[in-house]
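Here is how the chains run, residue by residue.
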Amino acid sequence: IQMTQSPSSLSASVGDRVTITCRASQSITTYLNWYQQKPGKAPKLLIYAASSLQSGVPSRFSGSGSGTDFTLTISSLQPEDFATYSCQQSFSSPKTFGQGTKLEIK
Amino acid sequence: QLQLQESGPGLVKPSETLSLTCTVSSGSISDSNYFWGWIRQPPGKRLEWIGEIYYSGTTYYSPSLKSRVTISVDTSKNQFSLRLNSVTAADTALYYCARLWSGYSDYFDSWGQGTLVTVSS
Chain Y
1 IQMTQSPSSL SASVGDRVTI TCRASQSITT YLNWYQQKPG KAPKLLIYAA
51 SSLQSGVPSR FSGSGSGTDF TLTISSLQPE DFATYSCQQS FSSPKTFGQG
101 TKLEIK
Chain V
1001 QLQLQESGPG LVKPSETLSL TCTVSSGSIS DSNYFWGWIR QPPGKRLEWI
1051 GEIYYSGTTY YSPSLKSRVT ISVDTSKNQF SLRLNSVTAA DTALYYCARL
1101 WSGYSDYFDS WGQGTLVTVS S
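Protein chains in written order, with this note's numbering: chain Y, 1 to 106; chain V, 1001 to 1121.
Any given hint could be a false lead.
Claimed, not checked - Cut-off 25 Å, straight-line C-alpha distance, at most; resulting in silico cross-link-like pairs (DMTMM-like, lysine to aspartate or glutamate):
1) K44(Y) with D1109(V)
2) K106(Y) with E80(Y)
3) K1045(V) with D1109(V)
4) K41(Y) with D1109(V)
5) K38(Y) with D1074(V)
6) K102(Y) with D69(Y)
7) K44(Y) with E80(Y)
8) K102(Y) with D1109(V)
9) K1013(V) with E1048(V)
10) K1045(V) with D81(Y)
11) K38(Y) with E1048(V)
12) K106(Y) with D16(Y)
13) K44(Y) with E1048(V)
14) K102(Y) with D1074(V)
15) K1045(V) with E80(Y)
16) K1045(V) with E104(Y)
No lab work stands behind these hints: they were computed from the structure.
This one's a predicted model, so the numbers in the text were calculated from it and none came from an experiment.
Okay, chain Y solo, but in the shape it has when bound (with noise of 0.2 Å):
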């Protein structure tokens, strides 16, 4: 299953509303699940099955959709926001991530 995020890389300031896109080539029903990566740092897990918060995240992070297509929003973005995100698909072997989504400071 092929997982396209879009936009591949975006500018935002601190306060911003930012909401990034996955789709799945095919359904993947609620087996979606998204990811922070900063550089040397461990990737992070930030919503599992679509819209459920990892324990830990802020509640500024939140997922939604289900099918084909889902979103992460930040509702206010905070200097620590800057980074990259990934979706994942856990419907079906072989696991497979999104491209990433570069956010990055305006």
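Assemble the complex: chain Y is given as a structure, and chain V must be docked to it using the hints.
Only chain V this time, still in chain Y's reference frame:
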């Protein structure tokens, strides 16, 4: 808090075998709720799932790598390992180990920081 740490050579020659170990601390690799996985990321490319193992030894591999990959587990040491043979420059990547919650929905809930492996003569 669970910690995972990758270790192994940072440089491997073409045609040789890449070997990495992931040491799990502050948690048990024998926890029945989890699998343990390897994921890699070539420079400038997306994350790629390599495979995963259960503490009992059950494994699942990516079809694209299956002929070259072996993942094993040592519960006595709380470690699991990756072997990738016949490597080429295309195997140059940042290699991560991670814990996989395997339930209604599978997800990698804890990751190591990653180790860069370069394939070069």
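Going down the list of hints, with the structure as the test:
1. K44(Y) with D1109(V): Given that 25 Å is the threshold and the Cα spacing comes to 7 Å, the pair holds.
2. K106(Y) with E80(Y): 14 Å, holds
3. K1045(V) with D1109(V): 21 Å, holds
4. K41(Y) with D1109(V): 14 Å, holds
5. K38(Y) with D1074(V): 30 Å, violated
6. K102(Y) with D69(Y): 19 Å, holds
7. K44(Y) with E80(Y): 13 Å, holds
8. K102(Y) with D1109(V): Given that 25 Å is the threshold and the Cα spacing comes to 21 Å, the pair holds.
9. K1013(V) with E1048(V): Holds, at roughly 21 Å.
10. K1045(V) with D81(Y): Cα-Cα ~21 Å, so holds.
11. K38(Y) with E1048(V): Holds, at about 17 Å.
12. K106(Y) with D16(Y): 10 Å, holds
13. K44(Y) with E1048(V): 16 Å, holds
14. K102(Y) with D1074(V): Not satisfied, since the Cα-Cα distance of roughly 37 Å exceeds 25 Å.
15. K1045(V) with E80(Y): 23 Å, holds
16. K1045(V) with E104(Y): 18 Å, holds
In this structure, the hints that do not hold are numbers 5, 14, in rising order.
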